[in-house]
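**Student:** Protein sequence lines correspond, in order, to chains F and W. Those letters in the first sequence? Residues 1 to 371, per UniProt numbering, in order. Those letters in the second sequence? Residues 1 to 300, per UniProt numbering, in order.
Mixed in with the good hints, there may be bad ones.
List of simulated lysine-lysine pairs, DSS-like, C-alpha gap at most 30 angstroms [unchecked claim]:
1) W:Lys-53 <-> W:Lys-172
2) W:Lys-118 <-> W:Lys-172
3) W:Lys-172 <-> F:Lys-77
4) F:Lys-148 <-> W:Lys-80
5) W:Lys-118 <-> W:Lys-55
6) W:Lys-172 <-> W:Lys-80
7) F:Lys-220 <-> F:Lys-77
8) F:Lys-77 <-> W:Lys-118
9) W:Lys-172 <-> W:Lys-83
10) F:Lys-220 <-> W:Lys-172
11) W:Lys-55 <-> W:Lys-172
12) W:Lys-83 <-> F:Lys-148
13) F:Lys-220 <-> W:Lys-55
14) F:Lys-148 <-> W:Lys-55
15) F:Lys-148 <-> W:Lys-172
16) W:Lys-53 <-> W:Lys-164
Hints listed in this document are in silico derivations from the structure and should not be mistaken for laboratory results. All values reported here derive from a predicted model rather than from experimental measurement.
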Amino acid sequence: MADTTTVEHVTVIATESLSKRFPRVTALDRLSVDIAPGVTGLVGANGAGKSTLIKILLGLSPASEGRASVLGLDVAKDGSAIRESVGYMPEHDCLPPDVSATEFVVHMARMSGLPPSAARERTADTLRHVGLYEERYRPMGGYSTGMKQRVKLAQALVHDPRLVLLDEPTNGLDPVGRDEMLGLIRRVHTDFGISVLVTSHLLGELERTCDHVVVIDGGKLLRSSSTSDFTQATASLAVEVTDTTDHPDGTKALRTALDRAGLTVQPAGRDADGTPGSDHVLLVDVASEETYDTVRDTIADLGLGLVRMEQRRHRIAEIFRSDDDADASHAPDASHAPDAPDASNAPDGMTKPAGPAGASAHGNGGAVDAA
Amino acid sequence: MPPETVTQQQRADVIHNIGYRHYDGPRLGRAYARRSLFSQSLRGAYGLGRSAKSKVAPMLLFAVMCAPAAIIVAVAIATKVDKLPVEYTRYAIMLQAVIGLYTASQAPQSVSRDLRFKTVPLYFSRPIEAMDYVVAKFAAMASSLFILTGAPLLILYVGALLAKLDFADQTKGFAQGLISVALLSLLFAGISLVVAALTPRRGFGVAAVIALLTISYGAVSAVQAIAWDQGNSGPVSWIGLFSPITIIDGVQTAFLGATSSFPGGVGPGTGTGFVYVLVLLGLIAGSYGLLMRRYRKVGL
């Protein structure tokens, strides 16, 4: 690559109008993106082209047109060399149930070219790093989903790759397991010095883990920017309070009070990541750091009990569904449109013109409610 | 040295070890990965490196396969016979049911599991290509069958030498037997892997392989018997082309000095024998081609 003068400027993955067409669908459509070392999130709905991109990057599927390089190697010519220094963690289950994690990971290490003794040593190290201890000698059939995900991550790391491709690593995990996995992914870069490309359909997850986020939809690049840009546009706070005798409907009282304080508030019937919520949860747009204080003080003034106050996870759909939502089924969104002027920030970096739809993107929490 | 210093030293060591270490050693690449897959599959075919339960079937079948040879040898040594009661080339034909069971149980184990538990995509995310996977699995299955069928021949041979039978005779017979079971191993491995690779369900794979081997053999022997009864000895040797084990029988009858187990012992002559060899090699190559086609599509 041209710009590989310093470590800082090395591009880990570079694609140049990369397209992949199948007889009936276009999986990737002239995708050009450069990914620098660090943790990069690849976000897209199902069928957005994430898996196709990973396949091409591993040199397993030829592109219809365009070029792509991984670690400076051409995917069309050096697939085998790329796969030697890249780790891959698939989205689906891939562990035979009747062998132990140790045996499985040793085998995968050897499949990556590590000599037997090195394979055993690295397996012990890697399994410890992902947090698997005594249970690694037991057959994997008895593992919990969290443990299985750790083994899958371990097999991707065991040969000390320079880049790992993680396909939906938090799939199927409970909130605690998800947080642990995200922490682990962060450590893969900070402690191990391995670059990470991680796919997800939950933008909120990636906000906390990634330095950079790439959003693709329908095989097209929708947005590629540093995580902080995203966070500004999408931060909101879920607040749940108790009812008291003074305020028999505490949620309503809080909403009124927060409205008066100048904050944008919507009810959330359901968390964006699919966990069922209740009518008692309010979503507050975070305008600045002071928003947290305002919310806290307002609740204290009302004398309500605070059940929870947490960063709400945004679904990536909120960003790219904006176009469809405006004219389609989400009529209730219209009611949010006037009170969410800042939401039009969200599609800033998008290639498509967003128009009034931008507002509905932000009000999606409410929309899910209504649906 | 005061004890505190020692523990501090140790603690420092422990903390030091927890850090991530990079790997700077050699990466042995594609050919090594293919060999690793071969040895893992071969070991797996005897349940090694797998659960205790999965060792039972292959080990039991291996024992059943060797037991008659051991008995024959014991009898031969005790009774001082002047030749072994069984030809080397005949042994595998006699025990074809055991070989069939072993093939049916281990071929799906080798490939259906990878499909079912979706381990195949993981392999293809490593330096190997689809071809390496097919070659490694094919070679491992053929080798495991060769061990299964060759071991009793070795017992017979060692026993024959201990019984002081003619060295040249025995060595020739043993070599012919080994060539015959090597061909048998390749043929059975190819056919059974093609069938097993069609389904991720192990049970289906087992049933399909057993069905293919027994039904074809049953049909061929029945038709041969009918033809023989009606005095048509001509077609008998041709009919043998339609089942794997009778193909081996035909080839070794024509070229490896074996006595045919066809009705009336009318195995193929040299001319028909060439057709047998062609069919045999065609089937082996065809299985390889079909497997390649199958795995080129599997991908991630």
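**Student:** Each of the hints needs a verdict: does it hold here or not?
**Tutor:** How the hints compare with the structure:
no.	hint	in the structure
1	W:Lys-53 <-> W:Lys-172	39 angstroms, violated
2	W:Lys-118 <-> W:Lys-172	46 angstroms, violated
3	W:Lys-172 <-> F:Lys-77	50 angstroms, violated
4	F:Lys-148 <-> W:Lys-80	61 angstroms, violated
5	W:Lys-118 <-> W:Lys-55	22 angstroms, holds
6	W:Lys-172 <-> W:Lys-80	20 angstroms, holds
7	F:Lys-220 <-> F:Lys-77	24 angstroms, holds
8	F:Lys-77 <-> W:Lys-118	26 angstroms, holds
9	W:Lys-172 <-> W:Lys-83	13 angstroms, holds
10	F:Lys-220 <-> W:Lys-172	69 angstroms, violated
11	W:Lys-55 <-> W:Lys-172	34 angstroms, violated
12	W:Lys-83 <-> F:Lys-148	59 angstroms, violated
13	F:Lys-220 <-> W:Lys-55	51 angstroms, violated
14	F:Lys-148 <-> W:Lys-55	25 angstroms, holds
15	F:Lys-148 <-> W:Lys-172	54 angstroms, violated
16	W:Lys-53 <-> W:Lys-164	41 angstroms, violated
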